[in-house]
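Chains as they are written, first to last, in our numbering: chain W, 1 to 423; chain H, 1001 to 1308; chain P, 2001 to 2292.
Everything labelled a hint here was simulated from the structure, so no lab data went into it.
There could be a bad hint or two in this list.
Okay, the calculated bits of chain P under chain W, using three or more residues with CB under 8 Å as the criterion [said to hold, decoys possible]:
no.	segment
1	2082-2096
2	2101-2107
3	2142-2152
4	2258-2267
All of these numbers come straight from a predicted model, not from anything done at the bench.
All C-beta atoms, glycine included, are put in the ideal place defined by N, C-alpha and C.
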Amino acid sequence: MRSSKLNRPLLAAAALATGVYCVAGALPDARAADAIAVGVIAPKSHILGQAIFHAAELSVAQFNARGGVNGRKIELQEYNTNFSAADSARAFQRAVQSDGVVAMVGVFTSEVALSLMPWSSRLKTPLIITGAASSQIPERVHAQPERFKYVFHGYVNSAILARQGCIVAHDVFTNNPRLKKYDRAVIFSEDAAWTKPVDAAYQKCLPKAGMKVVDHIRFAPDTSDFTPIYSRIKNDHANVIMAAIAHVGVKPVVQWHQQQIPALFSGINGQAGSSKFWDATNGATEGVITGTPGLAGAPLTDKSAAFYAAYKKRFHVDEPAYDAYTTFDAMSALEDALGKAPNTSGDALVKALEQTDITGVLGRVAFHGLNDKDAHEVVFNEDPKKGQSFVGFQWQHGKQVIIWPPKLATGHVVVPSFVAAGH
Amino acid sequence: MNIAYAYWRTGLALLALIVTACLPAVTSSYYLLGVLTTAFYLAVYAMSWDLLFGYAGEVNFGPTFLIGLSAYAAGLCNTFLGWPVWVCIPIGTAAAMLGGLALVGPALRLKGPYFGLVTLVAVLLLGHAITIFSGYTGGEIGLALRDILTLSSTGNFYYALGLMAITAVVLRIVVRSPLGLILEASGQDSVATEALGFSVIKFKVLAFMLSALFSGLAGAMTVFYFGTASPGTVVVVAVTVQIIIATIIGGRRSIIGSILGAVFLVVAGEFLRPLGELSTTAVSILALLVLVFAPNGFISVFGRRGAR
Amino acid sequence: MELLLQILISGFIIGAIYALGAAGLTIIFGVSGILNLAHGAIVVLAALVAWYCALQLHMGIYWGGLAGVAAAVVTTYVLYALVVLPLSRSRQMAADELPVFLFVATLLFALILQGLLEWFFGSTPVATPALIDGVIHIGGNTVPLNSVLIGVVAWMVLGGLWLFISFTRLGKAMLAASMSPRGLAIIGYDIGRIHLLVWGLYGLLAGIAGVLLASFIGASSGVAINLTATAFTIVILGGLGNVLGSLAAAYILGFLGTLTAFLIAPSLREIPGLCLLIIILYLRPQGLFGRH
């Protein structure tokens, strides 16, 4: 016993030390000579994460086919966020310190986005966030521009999405000659930090859109039974649900449909933008209205249709999700910056990215300056010639039909029978 | 014989520490240092948890209650009061110790899984509180801190290594002292321990305080390492799962076991990263194999077969 | 009045699903002393397989549901054969430490299962088709027939379970095993066979709960841990190993949550239940209906 006990710590310590040194020696360095490594980071298992990987892959393939930049090609490195801030921070370190990545694109959830921001400044490596919509991202860049200047936001923030929702509400629900007036709104948000600016924006802009806000309901993101909430909405005699949901998606929609709640389901609905939402809800999403950038290759610019076709051909999937469009545009901006920057250092790339002015698949791609309120966020504009643009759509018979803006509309809004019957 | 053995042991531990501490001099990989930094913090969590679970016999599902309290207290202190890192870390640790004190009451009254449930509920309530006060805490998005420990990877590596070494030494001294034996005895049979004239309350309080002290320190330092505090890094049950697995596969009731388990878990996860989404699964399979074939953990592989 | 009725209906359905989800867990604990932390993962597995077979393989909801339940039973046996049995027979640990190891092993099994589910089905939540379409109106409330059916099915399964335990030879043997395994062995029962039966029964109950859950609120690999935590809460609150206690606990938590959501705020739904839990455990450390 004594003698065996003696060598236990010895062996353990030796194992620990050799283990550590083995790791040190065996670190991979797989970069092809002369290629520029660019990282893309997203949750691998999620459809909206896969969209980010796909779009980045497509962009790089097209870029390299065009000959790259000064004869150098881009090599794409993929990292899984695993929905974990800690995992993502390690992945970012590996990307920069071991794989030689010069810039990182992607990120789907706000928690991960926020946790990677300090790392991008520590690693002096540009990070273009394309999936998360938190208004905290530009706010924090604006508050500490020196520290967070490496962070860019390639997707509009949630307050802008909310204001856009109001504009759709104005044009489609309250001032639509084809429809009786739907003007009693209830704000319906998951209780999360990202929905607070959305609720504030709704409170302000819904009355301007001709709507009366009759109730404001915030519910726990892990709510499973929505019956109490829906019965409150019925008692309010609301006829429009203005949602701000992303973590929940299937549950409220399925129960809205099953319980036949007589109110239009509209607003921000993170999951409903995905083409798989129809299968996920087993068709309960019929009639749900929401908005998203891109959508079915809506011809926002002369590049939209080509991207749409190439994406569907390469990946054999139904539709690119919103973050496929934003990621593709962010990659285009980065490729443009790589061509213009004198070298691939973080600071040179940041300077070049700040000068971005190109046409993407969602509209013009340009970033706000560090002094603007939406610092380093992609410029938004209803006119695709001026900035990233947005369409409103409704689920109809398993398809996403564009109902706004009128110029691009492929159909008209259809009120679900149980909503119409309720009034 | 005994004395010689003790010298051996101390010498070896010191050697391992020195070898690890020299690492930054021989490797140019900041990435490796980053990986080990995370592993060392996890090791501190695991050691603190093992003090309660392995030695004091408490089924504690709530290590992240203590870690989270400290992390958020320290984070809020830095963000809203603007106080420097080295003031906020003790404040966070104090919050964790208060939390630890709050758990002693139920621990004295409840046994096994019943106490486990209370600790789980504590974590869930903390999670709800973070959501409800999202105006301050940032809710699910997390809290961005003004300051961080240091920008340097090497510096962060030494902070983590230092904390781990101190924790290991203090806990080692405690568990090898008569105090540790009483603690272990009270965990196995508190009535008999009382009958022998020892105050179980006193020792339980001590165990919880020590566990809270080190998990609190590590929790606060972790958020100042990452630069953000978010539920996903310091509160959710998934973090607890990591701590439990690190402790068990390393070897219960063994300080060095917890360290080995934590380093294995983090380093294996990084090595298997090329597997993509299946990397977590692969690590879990490895850990399950260890558990089924060597239930006493890595440490038993190094000689203590079938003991205890 | 309308509100009261709504609360009653809503609480009835939620409580029934909670109870069904927890029933298997408490039986397993009663008979073999194992807290199976892979519970939520097995429930989710049944839900996702049911969804996949029903919609992607076009088997229809009933065959899909059956496939989901079958998958849960098979997985439960895999867990039993590859993890529980080898560990129980291992001589490398003291007998009184076995529960701890089993509990960590089931936790690891849950992680593996969850990882595989995420890899195969993705992490996006899904809902299966309603078992039955349409709504009924009860006193001015619109209630989906599907929810009513789910509540009824859950109660029928629980009733069947009670009949099985109370009136069949095997069921009685199972109950006896939870009281005194040694005594049962002495009178000539093969305790191994009883365990085999109990794990199968557990898989069946978890599978049915998963399929019902998927059509009521949907499921995704990410909710597995939460499902385990909820079921664990109910099982402990009811008193470990006590099926009727779990039923009562499920209803207490179900109604409390529903009441809070209706009368106070939907965002605070879980909190009164958690606080009550601490109070109850403080007053009755063995759970509401625990034996010790």
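Quick rundown of the hints versus the structure:
no.	hint	in the structure
1	2082-2096	violated (count 0)
2	2101-2107	violated (count 0)
3	2142-2152	holds (count 5)
4	2258-2267	holds (count 6)
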